[in-house]
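> Sequence:
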Amino acid sequence: MKVQTAVMTGINRRQFSLLLAGALTAPSLLAQPLASGPADESVWLLASAASDSQQQHWLVISDTEGTLHLRHRLPARAHHVAGHPSQPWVAVVAKRPGAFIDVMDYRSQALVKRIEPAPGRLFYGHALFSNDGRWLIATESTVPEGAGRISLRDAHNGFQRVAEFSSGGTGPHELLLNHAGDEIIVANGGIRTQGRLKLNLDSMQPSLAYLKLATGEISEQRMLPPGQHQLSIRHLDLSPDGTVVIAMQYEGDPTDTQPLVALHRRGGELQPLSAPEAINRQMTQYCGSVRIDSSGKIAAISAPRGNLITFWDIEQAAYLSSLEVRDGCGLAATSTPGEFIASSGNGRVYWLYPREGVREPLMQDMRLDRLAWDNHLCAFQAV
Numbered sequence: 003m004k005v006q007t008a009v010m011t012g013i014n015r016r017q018f019s020l021l022l023a024g025a026l027t028a029p030s031l032l033a034q035p036l037a038s039g040p041a042d043e044s045v046w047l048l049a050s051a052a053s054d055s056q057q058q059h060w061l062v063i064s065d066t067e068g069t070l071h072l073r074h075r076l077p078a079r080a081h082h083v084a085g086h087p088s089q090p091w092v093a094v095v096a097k098r099p100g101a102f103i104d105v106m107d108y109r110s111q112a113l114v115k116r117i118e119p120a121p122g123r124l125f126y127g128h129a130l131f132s133n134d135g136r137w138l139i140a141t142e143s144t145v146p147e148g149a150g151r152i153s154l155r156d157a158h159n160g161f162q163r164v165a166e167f168s169s170g171g172t173g174p175h176e177l178l179l180n181h182a183g184d185e186i187i188v189a190n191g192g193i194r195t196q197g198r199l200k201l202n203l204d205s206m207q208p209s210l211a212y213l214k215l216a217t218g219e220i221s222e223q224r225m226l227p228p229g230q231h232q233l234s235i236r237h238l239d240l241s242p243d244g245t246v247v248i249a250m251q252y253e254g255d256p257t258d259t260q261p262l263v264a265l266h267r268r269g270g271e272l273q274p275l276s277a278p279e280a281i282n283r284q285m286t287q288y289c290g291s292v293r294i295d296s297s298g299k300i301a302a303i304s305a306p307r308g309n310l311i312t313f314w315d316i317e318q319a320a321y322l323s324s325l326e327v328r329d330g331c332g333l334a335a336t337s338t339p340g341e342f343i344a345s346s347g348n349g350r351v352y353w354l355y356p357r358e359g360v361r362e363p364l365m366q367d368m369r370l371d372r373l374a375w376d377n378h379l380c381a382f383q384a385v
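Take my numbering: the last position of the sequence shown gets the number 385, and nothing is skipped along the way.
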């Protein structure tokens with residue numbers, strides 16, 4: 003079964019309301035028996051890292067029927083969750099720069115493996131499974147040099163590290179597989195760090211790189227013009243026609259006006275997109291996540307510091323509209339064209355309808371201080 007990180011088939015509002023109620027409800031619910039037995043192919047899982055009011059950190063997974071499948075305590079704050087295509091596993095990755103990836107079995111509740119980086123390495127926020135489920139592929143960085151690396155670990159052999167190659171730059175963050183599954187697409191943010199301290203903002207060189215999965219060979223790499231070299235390429239999504247939508251974060255003068263969204267089509271240059279001046283200012287030089295709708299025509303890009311979700315026409319390479327969502331960052335697309343879900347750092351979750359300009363809460367009051375969603379929302383089919 004193919005993992006879906008953006009499209010959730012078969013979800014309706016009532017089901018998703020039950021889902022969030024199950025994930026965010028009082029601890030007594032967490033003691034109830036969890037689902038077991040063979041997977042229902044109509045059931046989809048949603049997963050996110052989260053933090054509670056005591057600054058404890060969790061991986062939370064629930065399904066589209068409202069059943070809580072997992073609430074797993076994490077050693078530190080996490081960033082991204084990836085689903086395995088054929089095993090009931092998810093990999094949750096520490097916030098960059100981080101020192102763990104927890105692989106959890108959401109059916110048995112067991113910790114399959116806590117992966118630590120190799121000596122002289124740190125994880126950089128994102129990972130994914132290969133299409134056949136054999137390899138766990140993660141972005142990493144060397145310490146202290148800060149060279150970007152891509153690691154492959156064997157899911158059939160205790161997640162032993164079996165290969166490593168250059169990411170093609172510094173500060174790799176989100177990565178994707180192309181539709182054939184034989185190339186890795188990497189967002190090299192360009193920033194060398196020491197902890198969270200940024201060391202090279204004057205000389206940073208972000209890039210978008212396409213790497214052969216089998217060899218690590220760079221088949222194509224694109225950089226922004228010199229005047230935009232402080233636009234850190236951070237998050238990505240891939241449309242059905244192969245267009246990469248890019249969300250960026252600007253590390254230059256706070257008074258500068260720079261585009262924060264770009265497109266790339268193979269063989270061409272990076273194509274920055276402009277938003278109206280007022281919207282661009284409200285985005286506060288920071289994009290947090292990107293997802294493409296089920297039609298492949300609309301991209302949603304979050305700007306959590308500006309309390310804004312923006313929407314973009316991929317075919318026309320143009321800004322469409324925006325909706326305000328306080329601290330909204332995590333995004334997923336439903337099976338309905340032009341429809342998205344956004345999670346926020348204040349515990350709220352919304353349906354978003356960019357064509358209609360409508361934002362609809364999933365429940366009457368989703369603001370629960372017990373749990374706040376982290377940067378990304380992952381949707382995948384139960385196995």
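It is worth saying that the hints were derived from the structure and are not from the lab.
Some clues are possibly wrong.
Below, simulated BS3-like cross-link-like pairs (lysine-lysine); rule was C-alpha separation at most 27 Å, straight line [said to hold, decoys possible]:
id	residue 1	residue 2
1	K97	K214
2	K115	K97
3	K97	K200
Remember, it's a predicted structure, so these values are computed and weren't measured experimentally.
> Holds or violated: are the alpha carbons of K115 and K97 at most 27 Å from each other?
Holds, at about 18 Å.
> Hey, K97 versus K214, does the alpha-carbon distance stay inside 27 Å?
Cα-Cα ~26 Å, so holds.
> For the pair we were handed, K97 and K200, check the Cα-Cα distance against 27 Å.
holds, 15 Å
Consistency with the previously given hints is maintained throughout, with no hint failing.
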